[in-house]
Amino acid sequence: MKQRSSMKIWFDSGKPWVWLNAGAVSISLVMVVGLIGLIAVRGLSHFWPADIVELTYAEPGEEKVMLVGERVDHETVPAARLALSGVHLPEGQETANRTLLKIGNRDFFGLDFRWINDPWIEDTQKPDGLMSIERREWGNFYGYLVNVKQQGEVVAEGEQAWDAFQQRLARSNALYNKIKDIEKSDIGKINHGLEELRIEQRRLELDKVEKGTAPYLEIEEERKQLNTRYAKIREELDELYSELNRDQITVKISDGREAEIPMAKIVQAYKPNAMTTLQKLGQYFHNAWDFVSGEPREANTEGGIFPAIFGTVMMVMIMSVLVTPFGVIAAVYLKEYAKQGAVVRLIRIAVNNLAGVPSIVYGVFGLGFFVYFIGGSVDEIFFQAKLPAPTFGSPGLLWASLTLAILTVPVVIVATEEGLSRIPRAIREGSLALGATKAETLWRTVLPMAAPAMMTGLILAVARAAGEVAPLMMVGVVKLAPSLAIDNIAPYLHLDRQFMHLGFHIYDVGFQSPNVEAARPLVYATAFLLVLIIVVLNLAAIGIRNRLRETYKASES
Numbered sequence: 001m002k003q004r005s006s007m008k009i010w011f012d013s014g015k016p017w018v019w020l021n022a023g024a025v026s027i028s029l030v031m032v033v034g035l036i037g038l039i040a041v042r043g044l045s046h047f048w049p050a051d052i053v054e055l056t057y058a059e060p061g062e063e064k065v066m067l068v069g070e071r072v073d074h075e076t077v078p079a080a081r082l083a084l085s086g087v088h089l090p091e092g093q094e095t096a097n098r099t100l101l102k103i104g105n106r107d108f109f110g111l112d113f114r115w116i117n118d119p120w121i122e123d124t125q126k127p128d129g130l131m132s133i134e135r136r137e138w139g140n141f142y143g144y145l146v147n148v149k150q151q152g153e154v155v156a157e158g159e160q161a162w163d164a165f166q167q168r169l170a171r172s173n174a175l176y177n178k179i180k181d182i183e184k185s186d187i188g189k190i191n192h193g194l195e196e197l198r199i200e201q202r203r204l205e206l207d208k209v210e211k212g213t214a215p216y217l218e219i220e221e222e223r224k225q226l227n228t229r230y231a232k233i234r235e236e237l238d239e240l241y242s243e244l245n246r247d248q249i250t251v252k253i254s255d256g257r258e259a260e261i262p263m264a265k266i267v268q269a270y271k272p273n274a275m276t277t278l279q280k281l282g283q284y285f286h287n288a289w290d291f292v293s294g295e296p297r298e299a300n301t302e303g304g305i306f307p308a309i310f311g312t313v314m315m316v317m318i319m320s321v322l323v324t325p326f327g328v329i330a331a332v333y334l335k336e337y338a339k340q341g342a343v344v345r346l347i348r349i350a351v352n353n354l355a356g357v358p359s360i361v362y363g364v365f366g367l368g369f370f371v372y373f374i375g376g377s378v379d380e381i382f383f384q385a386k387l388p389a390p391t392f393g394s395p396g397l398l399w400a401s402l403t404l405a406i407l408t409v410p411v412v413i414v415a416t417e418e419g420l421s422r423i424p425r426a427i428r429e430g431s432l433a434l435g436a437t438k439a440e441t442l443w444r445t446v447l448p449m450a451a452p453a454m455m456t457g458l459i460l461a462v463a464r465a466a467g468e469v470a471p472l473m474m475v476g477v478v479k480l481a482p483s484l485a486i487d488n489i490a491p492y493l494h495l496d497r498q499f500m501h502l503g504f505h506i507y508d509v510g511f512q513s514p515n516v517e518a519a520r521p522l523v524y525a526t527a528f529l530l531v532l533i534i535v536v537l538n539l540a541a542i543g544i545r546n547r548l549r550e551t552y553k554a555s556e557s
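Numbering of the sequence shown is given in full-length UniProt numbering, commencing with residue 1 and proceeding in unit increments.
A portion of the hints provided could be inaccurate.
[Stated by the list, open to error] Here are the computed lysine-lysine pairs in the BS3-like style, where the Cα-Cα straight-line distance is at most 30 angstroms:
#1 149 <-> 280
#2 149 <-> 189
#3 252 <-> 265
#4 189 <-> 386
#5 208 <-> 438
#6 479 <-> 386
#7 178 <-> 224
#8 265 <-> 149
Because the hints were derived from the structure by calculation, they are not lab data. Bear in mind that the values here come from a model prediction, so they are computed numbers and not experimental data.
Make the full structure from the sequences, and use the hints.
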């Protein structure tokens with residue numbers, strides 16, 4: 001009886017529920033940290049320069065073949081599963097290990113990856129001379145460097161070939177970057193100028209200005225000047241392309257064939273088997289930086305993801321600028337000005353319900369209202385000369401940001417209202433008693449005190465908006481954006497352009513890629529980067545919120 005009484009006292013004290021909550025929080029933290037750790041390990045390990053193995057392989061009844069590649073995965077499979085693919089283990093053996101080998105050389109072998117069964121692997125080696133070549137197309141290439149050529153003539157072979165190869169590769173990459181800069185910057189400006197002249201001529205035609213008059217002559221003169229500039233740049237580009245295509249290398253692949261690879265098609269090359277741990281670490285950071293700062297290639301399964309990073313951050317920043325004033329104004333009106341009654345309660349219920357609406361519904365709304373209705377109207381009024389080609393009447397960065405602003409505005413409203421509710425009524429009355437108007441009290445006293453709550457709402461809005469994908473697929477995001485929303489062409493910020501997004505990039509690479517094995521590590525790496533960006537954005541907002549709190553405390557004291 002005494003023991004039962006003590007148990008009852010323990011339960012009545014509430015300690016079991018404290019321990020239960022603490023345990024639930026601990027388990028949740030472990031799961032979150034474990035998930036992020038898994039994503040980080042799977043994603044970041046992709047950039048490590050793995051050793052390249054050379055092995056002899058022959059399944060029963062087949063000829064021996066020489067294979068070269070990187071070990072990517074390893075698993076144990078039952079004999080019945082192998083039998084379905086025509087591979088039979090010795091009698092009595094129920095399981096066997098097999099290895100996923102990244103053999104590269106897709107243009108020669110037709111595939112990048114190959115599963116091989118460990119029982120039939122022979123003579124595994126890691127020769128120092130094996131190269132890993134990252135190409136601009138067709139994926140990685142593995143083989144031995146035979147010689148370096150210039151205009152088809154051998155200029156270096158043997159031990160001297162590697163140094164000559166690296167020197168000429170650096171020259172080739174510098175030329176390639178220069179060509180891309182000219183094509184994006186100079187030719188981009190010329191194309192933009194020609195398009196503006198076409199639109200201006202179309203505008204004159206709509207205004208029924210007689211042809212052959214001064215405005216038409218000015219347009220024609222400017223068009224001639226742009227075409228002359230283009231011709232000069234085209235000559236410069238032809239010379240650069242000729243220099244770029246000067247060098248080639250000859251590489252010997254695993255089956256004994258020799259292949260010639262133009263230097264212009266190579267991004268980088270290294271010999272991982274001959275590298276020290278320190279050299280591999282340097283190559284690791286180099287690969288990771290290329291991934292963060294580069295542009296995607298090969299249907300997003302190669303190259304970098306900088307356009308997706310830029311699009312995600314730009315969209316979140318624009319969304320934050322749009323959602324904060326709308327959410328704060330709505331909350332201030334509901335709390336400070338609106339007469340509390342059935343209508344206001346109904347509005348609050350509607351706001352809370354909006355937070356639970358599926359995000360795809362917001363995408364449909366954004367497409368119909370923002371893109372077709374508002375965007376189409378803007379085109380009819382301001383960009384009539386460009387029609388039927390739409391300007392703002394098609395999905396773009398602005399409409400995506402507005403759609404996500406509407407999606408997240410309930411969060412900001414609720415958080416701001418809670419912050420306003422926590423401010424004592426005596427503070428408002430004291431300000432009014434000192435002669436301040438209601439607007440001055442609100443602007444100088446109430447809002448500064450509620451600023452931390454506003455930042456809390458913004459933090460929650462950013463955390464949700466940065467990871468949304470479904471609505472963006474309708475209002476602006478694309479698989480590959482031809483250009484960024486910011487460039488050196490006036491007006492410099494192009495809110496009408498479509499953009500790339502990390503969340504959609506994960507979906508595209510993970511579920512739409514034709515090369516699943518090549519895409520898998522990129523999915524993890526991109527997911528980890530998206531989590532990292534959300535954390536950085538939230539930390540920045542939390543830092544601003546804490547500074548506002550400290551400022552308010554200092555002013556109180």
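Evaluation of the provided hints:
1. 149 <-> 280: It holds: about 28 angstroms lies between the C-alpha atoms, which stays within 30 angstroms.
2. 149 <-> 189: Not OK: residue 149 and residue 189 at ~37 angstroms, beyond 30 angstroms, violated.
3. 252 <-> 265: Cα-Cα ~17 angstroms, so holds.
4. 189 <-> 386: Holds, at about 18 angstroms.
5. 208 <-> 438: 56 angstroms, violated
6. 479 <-> 386: 25 angstroms, holds
7. 178 <-> 224: Answer holds: residue 178 to residue 224 is near 26 angstroms, not above 30 angstroms.
8. 265 <-> 149: 14 angstroms, holds
The structure shown violates the earlier hints numbered 2, 5.
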